[in-house]
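Student: For chain F, the structure is supplied; the task is to place chain L on it using the hints.
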Amino acid sequence: MRRAVISGAGVVSPFGVGLQPLLDALAAGRAAVGPIRSFDASHFPVRVAGEVPLSTIAPAWLAGKLAGFGPADLLVHDLERDGSLRDRKVPFALLAAAEAWRAAGCGPAEQHASLSIAIGLEQAFLEDFAPIWREGAIDWTAQAAASLPFVRFRSPVDLAARSVRQLLELRGLAVIHASACAAGGLAVAHAAALVERGESDVVVCGGTDSMVNPLGIGGLARIGAPSPRNEPDACRPFDRRRDGLAIGEGAAMFVVEDERRAEARGATALARVLGWGSTQDGYRATTPRPDGAAARRAMELALSRAGLSPAEVGYVNAHGTGTPLNDPAEARAIRGAFGAQAERIPVSSIKGAVGHLMSASGAIELASCLLAFQRDLLPGTAHHREPDPDCPLPVIGEQPRHATIDVALSNSFGFGGQNVCLALGHPGGRK
Amino acid sequence: MSDAVAIVGAGAVSAYGVGWRGLGKSLVKLAVAPSVELAASHPGVLCSSVSEVPSRLDAGDARARKLMSRAARLGAIAMREALVDAGFHDRREEIGAWMGVGASGVAMQDVPCILAESVREGALSLEKLGERGIAACNPLFTFQTLNNFSLCHGAILEGLGGPNGAFFSRGAGTVTALAEAVHSLLEGDCDRAVAGGADTALHPITWAELVRDGFANRGLMPGEGAAVLALCRRSERPLALLRSVAAVPEGGDIASLTLPSHADLVVLAPWGAPARALLSDLAASRCSACRTIDVSLTLGDSLAAAPPLAWVAALDLLKSGETALVLSAGVDGCIGSVVLRQGGP
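Order-wise, the sequence lines are chains F and L.
Just add 20 to the spot in the first sequence (first one is 1) and you have the numbering used here.
Just add 63 to the spot in the second sequence (first one is 1) and you have the numbering used here.
No lab work stands behind these hints: they were computed from the structure.
All of these numbers come straight from a predicted model, not from anything done at the bench.
We treat Cβ as the ideally placed atom computed from N, Cα and C, and that holds for glycine.
Warning: the hint list may mix true and false statements.
[What the hints assert, rightly or not] Chain F regions said to be covered by chain L (calculated; three or more residues, Cβ under 8 angstroms):
1) 105-117
2) 147-155
3) 191-199
Pulled out of the complex, with its shape left as it was, chain F reads as follows:
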């Protein structure tokens, strides 16, 4: 049987560019949610975010980071020319994919790889509408303005996927997961499925997203999802005082490949993808299922596919948004899936530290699980200080916890009720 392993990882997070800055920060129990700097948010209802510390992304800097990839200069030039670097998730994806590709030691022999990537919504460029806003209406006939090189109205959904494919010169099929906050997890699960089925032996996968832009921040504020407090501890997962999420941005990309292939070419596995499960709440468009039944089933399916019992799980990386409704529903789901074991298995959420990366959240949270396998540390839950009786779980507090584990589970639940759970195994573990 073919088994999928993660042989390379790359991250762009509010802690900076690279997997190690993320792991270092989580190991130190740091958090990165703070005032928005990439645009003037001072008049917006939400003014803090887990923002990647790159106020502007200079083309020359980006091209330098991507040096060594043949198409990099032309790609960055084209992205700059048509205004696409305004969509931050595109350069985030490129940086993370380049790091993962290099870390896995991939080269021309891997360029037949497929791509399985989670991407958020198009970024609407409201500023591009302004020139065709005439006398109280959009003048769509103003073709001269609409065809200006920098006028895009919005970035194409698949731009990041096309750009990664171009940078790495991939030839395989590109699959773009559009399953909201579950998409990152689903993208990695899909990659593992392609490898196990023998449809692909190498897949570049992960997620990228940024809603740290005027309409993204404004739209989420309009539905009341973010915390109304503009404080660094805006997101307090599983805490009795939680009052909403903190918006984050970034990317996490991986190379997932067949274990024997990775071994044969001398690549070091970072983790094994043991199993996954996806379900749908089928409940409401605006709220998660309160009993957590569908989320529970996603975890049970992941365990079943992996051939694991609850007792074999050493850590649960929760979706843990810090919203009033998500966290208790997830707590019920975890308790339902693990039974008596739920009293013992440490749970944490990194969203207090980095914010909610939306479509990329599942991917970066899988990356955070590598802390357990590389350093025997379980990430903490930033700003979790007052446990909530409605979330009766052994939640790890603000500092990471030392533990040696074989198996970690990671949950992601999306707007609209899509749920996914992945089981990762220690690369040297028994599973």
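Tutor: Same frame as chain F, but now just chain L:
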């Protein structure tokens, strides 16, 4: 994919109305679908649009529809029809669902509300946007932007709870959605599933993008719609068997597509003239004298919905013992192939 799964129902909504039975026959007759102009934003552009849906066939209630983009609403209509057609009435929490979905399709009436409060002297003012522009739009606007809701609204309304995925599609993602449904059935993740796509190319921003990218000049007629297949691992009386599903990316090896040695029926879903020529050549390699129809001639290109509308058209036209080859070519450059056979293995 080498094993077959059974198609036991379908649903569709297109310019010909709600329903898949008769869709293929209308296409064969080249019955003129009620093409209209994209009057609101781009007058003079002919398109293939879904006319008003009878309330008894519509998705959800008025409140639910406020949360829906156009594509999400069409997807939910097609999904319900497929479930009913298949008789999937019980244990719906076990049914899997995979959909190809398009770009965000937020109702455009909210955008002027935001702009009216946010534009100062021909430029966007972040101060005005933050203080008044955001508050001027309907809060439900945000839900309409979520493109996975073209899957989720249907799943919520119908109570589906199984494995699932939404794939962004300009053609390829919808073929992937069907392939994933088939794999999940064959691997035992679920016993029953729905798979399809829903989208509209009539959204003014989407159309502006297609114009910018040169597709309008090369013969793309914008369309909209949704189609969904209901599938199960085995059935005593399937409508057809799904024999293969495959896709190759732009520039990929078309020879790697699994095509039947012979097809009785070929259904093409090209985005426009160049893709039509490519697919015709590909079909000719398998079939020299078979019936061929091109759904794009009357239905245009409905992007994520184009391949599944072709699948259900084939289902409608397939006769006992026949094999159909359905080829799609999206604006993403992907070629998809689906092979159906009527009359059991």
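Student: Give a verdict on every hint.
Tutor: Evaluation of the provided hints:
With a cut-off of 8 angstroms between beta carbons, the segment 105-117 of chain F has 0 residues touching chain L; three or more are needed, and the interface restraint is violated. Only residues whose beta carbon comes within less than 8 angstroms of a beta carbon in chain L count, and the segment 147-155 of chain F has 5; three or more means the coverage holds. Residues of the segment 191-199 of chain F with a Cβ under 8 angstroms from some Cβ of chain L number 9, which satisfies the need for three, so the listed coverage holds.
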